[in-house]
Amino acid sequence: MATTSTPSAPETATDDEVRRQRRRVGFSQKLGRLDVKVSPYLYISPFFILFAVVGLFPLLYTAWVALHQWSLLDGEGPWVGMENFKHVLTQQYFWTGVRNTISIFLLSSVPQVIIALVIAAVLDANLRARTFWRMGVLVPYVVAPVAVALIFRQIFADPTGWMNEVLGWVGVGPVRWGSAVLPSHIAIATMVNYRWTGYNTLIFLAAMQAIPRDLYEAAIIDGASRVRQFFSVTIPMVRPTMIFVIITSTIGGLQIFDEPRMYSQTGDGGADRQWMTVTMYIYELGWKNQNFGRAAAVAWLLFILILIIGLINFAFTRRISSESTKAPKRKKVRA
Amino acid sequence: MRKTTRKSWAVAAGVAGIALLATACSSGDGDSGTSPTSGSTGSTEKVTLKIQTFNEFGYKDLYTEYMKLHPNVTIVDDKADKSDTARANVQTAIATGTVTEDIVAADVDWMPELVDHSDFFADLSSIGGDRWPSWKTGQATDDAGKLIGAGTDSGPEAVCYRKDLFEKAGLPTDREAVAQLLGTWDDYFATGKKFIDSAAGKAGAAWFDSIGALSQGMINQLKAPFEDPSTQKITVLDADSPAKAVYDQLTSADVLAQSAHLGQWSDPWNKAFTNDVKGAWATQLCPPWMTQIISGAAPDQKNWDIAPVMPGGASNWGGSFLLVPKDGKHVQAATDLVNWLTDPAQQAKVFVQYGNFPSAVKATTDATVVAKTDTYFGNAPSGKIFSDRFAQVAFQPFRGPNYFPINDALGKAYTRVDVDKTDDAASSWKKFETDVNNLS
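One line per chain: the protein sequences are C and Y, in this order.
Start counting the first sequence at 1; every next residue gets the next number (my numbering).
Start counting the second sequence at 336; every next residue gets the next number (my numbering).
Treat the hints with care, as some may be off.
[Claimed, not checked] From chain Y, some residues computed to sit far from chain C (all C-beta separations above 12 Å):
id	residue
1	K381
2	D465
3	E502
4	A512
5	D532
6	G547
7	A580
8	P603
9	P643
10	A744
11	V754
[To be verified] EDC-like mimics (lysine to aspartate or glutamate), calculated; alpha carbons at most 16 Å apart, straight line:
id	chain 1	residue 1	chain 2	residue 2
12	Y	K503	Y	D465
13	C	K288	Y	D743
14	Y	K417	C	D268
15	C	K288	Y	D723
16	Y	K697	Y	D465
17	C	K288	Y	D442
18	Y	K385	Y	D662
[What the hints assert, rightly or not] Stretch by stretch, here's where chain C covers chain Y in the computed footprint (C-beta under 8 Å, at least three residues):
id	stretch
19	470-480
20	594-602
These are computed hints drawn from the structure, not numbers from a lab.
Where a beta carbon is used, it is the ideal one built from N, C-alpha and C, also for glycine.
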């Protein structure tokens, strides 16, 4: 419709001029169309170019490495196909690593999201010195992970740490934080929760503040209690944020490395691999055993594992939150 | 005039900056372009040498002294936070063929993998291999006889012991008398049994910290603990493996009963040095660097002493080297600095100031070294003791390319039995077998 002015031109101008004009208009139009179509992609391209260089390329190159015998110091060896994957999948340590990773992930992510939701709801209420409390929850996030690990290592030290001291007061025998499987996972999950709960709280808080206040007013008029408001208004309204937080904490939780590595002096996840995660196994294969091929194979297996668990999470969270939002919608239609 | 000089300065600075950038980028492609005169001995050309060390090499004052002696040399100390980081950096350099440091320090435990890639490093034979005993140079020499590392410190082992606990147990407390008691490993464990049955043992004191720590000492007394010196084949799982015999002795019930069950280097281990009787242990295999760790962990404990003995014969634990990557920009200048730093005179200075025991033969008999005493260890003549221990070290175990991971796996096997108690001796050895089989 923007071209309506051109047909009127021949009446006053010569054929030649018309042609030139047409061509000119056509060209700038084409340019304009190109601009509309292409520029948005150009504007977002820096991210994708960067992603291709530092994300996609390493991903594909790792697959290439995984299909070869590859030594840390000597580099590429002969092609071995799926041999590295086969070998790794028969290793006891790989499965120990998967068990530890999932266990630590569940022990950290689940309480973390729940606690963060509750704290955010409390912070969303009218509090005195609001900013102080809000900044307060973020303080642990600022502490360097290594420092967190050093502090918690003292708390959970095996026979004589603070935690065992406190447990001793209530008559619980010394827990073997440094050598038993589940206690070590709990200790590591505590470190992760300490660091990340505040961060997730702030994200939830931001989402909660975007909820229109009239929803709460309506709920109050309907006689809903605080708890009922939380479950029926707050949680459904922060659903997209919840999906985001759960997906990111899944990815982070399954790649956990710093905390378990710093949990002991040697950094190897325990003599019996009590708390060795998959990422630590990758590190051990690559740097201690100098076998990059197998390390790359494990890296790919971890990638697939994260994809699977991420998809399960996504389906799960979508179902929970959509069920609770469906009901009010139907009501609205009827009314 | 002033204008032009300022302009020419700017131009010079710009050119220098670009040149710096260009050389920084091209350090990987070796001999192309770099002038042959760079870094030759006695030249006054400005040279910046980057040296990567870890832990404490005790070189701070020596750097200053060297820079004063050689005004054209600037030394940049890139200290890694721990030896693992330093090892990873060196591995990355070899794997990618890039040289970022002119000099790198390496621990003896990871020398085998560097010797395996001796092409990456410059030949240091010009320094003269006779500066060190043959077992020390042997750790840094490849099959073709090329010396790639200059020895810095060494770790001739003695035994540190707690006088108060020995007294409580009715054992002699005099250095020489203690040495008499601990001549062989059988003597050592027999005395340990006596100690455990005594009043000290009943009060909760142990004889040693962990069997893993003892294994280090005993493995270092074997000629070929894990691999065959001629074929480099892994022999640790063979029926006649000497390391297995050590394992069986250490995991026997008698020996385990003498352990404090504290993994070496762990936080509880570090803390337990302050224990009085309960949870303490009476003996500790003690290379010179261990004396620093003990005195650092328990500065108020006044009962430690050093006995001039090592059960089963003199041996060495630990020690480091300085290496020069061959494709560095200033190989000759770097070699000169390494030569100077590992010179007996400098090694003696480091020992007197920091306690890192020298590895150069002349330095170990130096008057200032031999005269050193240690007030923390009851004024024990530490210089004299370690100098004597050093003189008696005859060989070092053969360390093939798989030494490091095998030793690590063996340490874990001991920890499972002794500290974590997740396995018994047999099942822990089974796991060790799996670990070793997975290396190839």
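#### Entry: Index of numbered hints that the structure contradicts, given in increasing order
Hint check: 6, 8, 10, 11, 12, 15 and 19 fail, others pass.
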